[in-house]
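Number of protein chains: 4
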Amino acid sequence: MSELDLQQFNVGIDLALEAKELAESAGKGPIPGVLSEVSEDGGITITRLEVTTEEGSRIMGKMMGNYVTFEVPELRKQDTGLQDRVATKLAQEFANFLERIGVGKTANVLIVGLGNWNVTPDALGPIVVENALVTRHFFELMPNEVAPGYRNVSAVAPGVLGITGIESSDIVQGIVDRSKPDLIIAIDALASKALERVNTTIQIADTGIHPGSGIGNKRRGITKEILGVPVVAIGVPTVLYASTIVSNSIDLMREHLKKHANQADGFMGLLDSIDENERLQLVREALGPLGHDLLVTPKDIDQFIEDIANIVASGLNAALHEAVDKTNVSAYTH
Amino acid sequence: MSELDLQQFNVGIDLALEAKELAESAGKGPIPGVLSEVSEDGGITITRLEVTTEEGSRIMGKMMGNYVTFEVPELRKQDTGLQDRVATKLAQEFANFLERIGVGKTANVLIVGLGNWNVTPDALGPIVVENALVTRHFFELMPNEVAPGYRNVSAVAPGVLGITGIESSDIVQGIVDRSKPDLIIAIDALASKALERVNTTIQIADTGIHPGSGIGNKRRGITKEILGVPVVAIGVPTVLYASTIVSNSIDLMREHLKKHANQADGFMGLLDSIDENERLQLVREALGPLGHDLLVTPKDIDQFIEDIANIVASGLNAALHEAVDKTNVSAYTH
Amino acid sequence: MSELDLQQFNVGIDLALEAKELAESAGKGPIPGVLSEVSEDGGITITRLEVTTEEGSRIMGKMMGNYVTFEVPELRKQDTGLQDRVATKLAQEFANFLERIGVGKTANVLIVGLGNWNVTPDALGPIVVENALVTRHFFELMPNEVAPGYRNVSAVAPGVLGITGIESSDIVQGIVDRSKPDLIIAIDALASKALERVNTTIQIADTGIHPGSGIGNKRRGITKEILGVPVVAIGVPTVLYASTIVSNSIDLMREHLKKHANQADGFMGLLDSIDENERLQLVREALGPLGHDLLVTPKDIDQFIEDIANIVASGLNAALHEAVDKTNVSAYTH
Amino acid sequence: MSELDLQQFNVGIDLALEAKELAESAGKGPIPGVLSEVSEDGGITITRLEVTTEEGSRIMGKMMGNYVTFEVPELRKQDTGLQDRVATKLAQEFANFLERIGVGKTANVLIVGLGNWNVTPDALGPIVVENALVTRHFFELMPNEVAPGYRNVSAVAPGVLGITGIESSDIVQGIVDRSKPDLIIAIDALASKALERVNTTIQIADTGIHPGSGIGNKRRGITKEILGVPVVAIGVPTVLYASTIVSNSIDLMREHLKKHANQADGFMGLLDSIDENERLQLVREALGPLGHDLLVTPKDIDQFIEDIANIVASGLNAALHEAVDKTNVSAYTH
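Chains as they are written, first to last, in UniProt numbering: chain A, 1 to 334; chain B, 1 to 334; chain C, 1 to 334; chain D, 1 to 334.
Please keep in mind that the hints were generated in silico from the structure rather than gathered at the bench. One thing to keep in mind: the hints can contain errors.
One copy or two, either will do: identical chains are not told apart, so a pair holds if it fits within one copy or between any two.
Unchecked claim - Cross-link-like lysine-lysine pairs, in silico, DSS-like; alpha carbons within 30 Å at most:
(1) 28 / 77
(2) 89 / 77
(3) 105 / 89
(4) 28 / 218
(5) 224 / 180
(6) 224 / 28
Keep in mind the model is a prediction, meaning the values are calculated, not measured.
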């Protein structure tokens, strides 16, 4: 499979971490132009990826830029102690991220919660918006009375194309034109290849949000090129790719067929002749029309989406407002 | 009480019908410059009010313009037959209303659902948006393939100031600038003085939405003057004024005290010396700070808000798109 | 594959219609001891199945008894006219069903809504309970004042084992012991093999509810044998079997591989050597542990579950209470 | 006003603390037979009341027994640090409470969540049930494998009379007969006279739940006398009495009228001749039929009900299971 094919294939992979894994397994080794660094602390694994060259971008199928991923496998256990630690770490990491990409401490911020509040796994963005600590109206109405340590923050949930008839990107553009933020933080629900990453992973990226990513279908991106304002994207996988189920089943079927050696020969031979990436691509093509209408979710999705949205909101609130106590970040969500 | 006082008082009354009742009871008779016409059919009472002069507007405390009110006391019984009839009549009346105020059949429409989708009685607007038949994206993406009989309709729920930090009016302005509609239809949840009107009444007005009306606090209107596009407002009372409770209780206390004639003399004398309007105004003043944080709702609000939102959406869909079968209007909500 | 194997396999198939299709495709023809009759009217297909012999039951993998299935492919279009027709037909069919199995017009009924109100696709039962026209309290408190044409109906949603720690069957048993109904009507969300059946199909059966059926895991049945009271089950498929996705993908992959004839030979040969049933069984085995935690739902599930629950409730209300107008059945849901 | 009158009046007051305040203000002093003790720590005020004599019970209008009240005015600020402290303190206090009334550490517990999950302010009980750590099914299915430190706990939400047609008390009785708990913990949403107590106060009482208390109308109690098992009630006020609004308004009106001294004389004289209790009673009578259908809630009720339910659930989980870490109690809600 050529690099070009891989790029086309990977374009749809939401998590940079998974795109890297796939590309490495296909390319049998590290990808040139992609720097990565991993740290682990108390059950929270943070991976910092930087795609520094066009070649790396082409191979990995992700835009050049910075990607930070939090993986917290225990996050589904609803331990509020752990949740608070994650929110605190997220606040620190996000503050550093903003500094690294040159966003100042007084830059005005517009938080954009993408997705559909009526489809549970797509409601992440709107829920974060609800819990964001917004202050823009205070700066507008009584600028001299805003306590020090708060910056100008606003937040909107533009809805999805099927409900509004208007591209999210256009709605955001209109609001940007009126409210003049210096930075957009766009929140979106993603898909993952691994069940264990669903609702336990948070990705920060400075590449904006590109058409076709996330659960909803976007035709126009939410990027600096389009909006004229830098865009940092925060994503959480809340659904599985249907292809994951198919792929897992085929693996298990293969195991099963091994017991009937004579039957399995042809099958295994065939399967072995197709590498994992190609197989996934076939499944994705096959599921295309069907997959568009289906969501594969953990049974407990309704219970966890709110938790992870609160962690993201708490982390943002503490990262954006210096006045928010960094040691008890969740005290300020509403 | 002077006319000026009355106007100040009535400014907060959402329903033109109630403003007229109050003004008439205070003024002991019909209001000059206010035309009204009532028709009844099968449990649906339609009142068409027109405030034609500045004097009438001042006395009634409502803007000059056209107001149409549907009253359907049985609407809470959840008879889908009745619901369909109301939606059908609403479609006809709304189509006539648009014609009367000069909106053409191909005018592009932006539906704006005001309110907070997380506060049940304030969720009317967002629910109507969800159920509106939007087509703008089809006109944009494949203009030659849109079936005849559909017009260009889009719909947004801009959120409330406390959540977004941006005035709804500003968000709508930004979206109007980008999407260039010819008409805005703004949906808002209102307050009523009468329990029996809650969730059973629909008001259409061509006056737009003014600061301070509806459940949420607006500081800037959604009007033709501000947005440069005509605005038709559709409102449904979903909460009671807290003053209604107080007023009803005082009436009942007075009845009670009558039985102890000697005690009641002073009280009744005093109460009789204050006319109904003045008393209401006192109560509103008194409740001011408290009332702001309180909602008085029927116990069954969660169950009915969805029904009436569907009626409004069905009526709008049939009024706006000629292709929608006017005899089965609710077939097109989603 | 032996009949015995098939039975084991089919035990998990919720819809009798799908069990019959599978058994017929495996057995190459009609199943002995299974009577069936199909009628169609205005987009509503009604199939009446009767499994009359133990042989038929064994082959089909479903209990002996009566099964009536409504299939209404257009039901997702949210046409309230069609919804009302389905509810009306359901009322008639259900009334006939009760008569056929010997339930009298004054028999006291307990409606049991199985499932978890917090997991959207599993919330069917609890939503039907909410919308059932219950009267038992009126019969208890003022027996002489209940209008003629109503029977004694009560309704409970017992919750699921993971939330309560008590088998639904035990909770129902306790309530039956206290409230002494003559008949139980149990509502449950099912799984289907076909996307087009999800939220468009209703199954009535006089066989009760058996361990392992429905979305939730039951370990003890809700049957006449256990509760001492006849149990009619009403089920609606609201999720897909994950195996459906796998199976569809494999079919599509096969198509794809045909284009590369030399590659596909072994694969196709192998796939052809496994018949559809065996393949499905393999997939189910393979998905076992994974599938348990996953739900595959149409994206629009949140919007449709309420509609179909209302249809079921409306149909039940009209079937159970003679006083409910059979021509406008949905007027009585609340 | 005689003691008898007061008792009739207070019967409807849900919070023992408010009943005591009212009785003391009426009786001009402490109530005989009522012991009370107050402690404060870090924003959490705990009041332990014991009604030890029939005279005290008659005067206060509350059953003889133990009442513990948590008041945490800052609880609405959604500081998860404070929430965790409250849950932790609640766990300790509740464990002590059980010990004090003689409930052993291995007693089997059934948690009963009263109320209607579809009416936001009445959903407290069902939400606590969802978040309770239930173990009964493990004890039933694999008794030898339950880790030490867990006791046998189950949990049910029986629904409300208007939905089920069966008294909650009867449903609970049936479940008690089948599942044989040693103790019932009943959770219920209450009404308060003070806005600042709504969603910030938790009451524990060993008196069970009596007809007419809470938001829903109960006709039969959930008490040891009826069920044969001790009942501890946990209540949280989530709505205001409508009479509170009326009473507050009248006070404010009085202030207003003072400015027009000649007008106010009669009114004030009259108001002064009615003491606070009598006035409240009048208002309650007056509002009787109206109040029954109305809920007066803070605007933010939807956001806070979940928080306080989680606190109650976390506190219960830690109090009931020794294995639950008392220093991080919220780690075990799901």
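Evaluation of the provided hints:
1. 28 / 77: Cα proximity of residue 28 and residue 77: none, with 35 Å in one copy and 49 Å across.
2. 89 / 77: Answer is both: 18 Å inside a copy and 22 Å across each meet the 30 Å cutoff.
3. 105 / 89: within (18 Å within a copy, 39 Å between copies)
4. 28 / 218: Classified as neither: same-chain Cα gap 33 Å, cross-chain 47 Å, threshold 30 Å.
5. 224 / 180: Answer is both; intra-copy 14 Å and inter-copy 23 Å each pass.
6. 224 / 28: neither (34 Å within a copy, 61 Å between copies)
Hint compliance for this structure: hints 1, 4, 6 are not met, and every other hint is.
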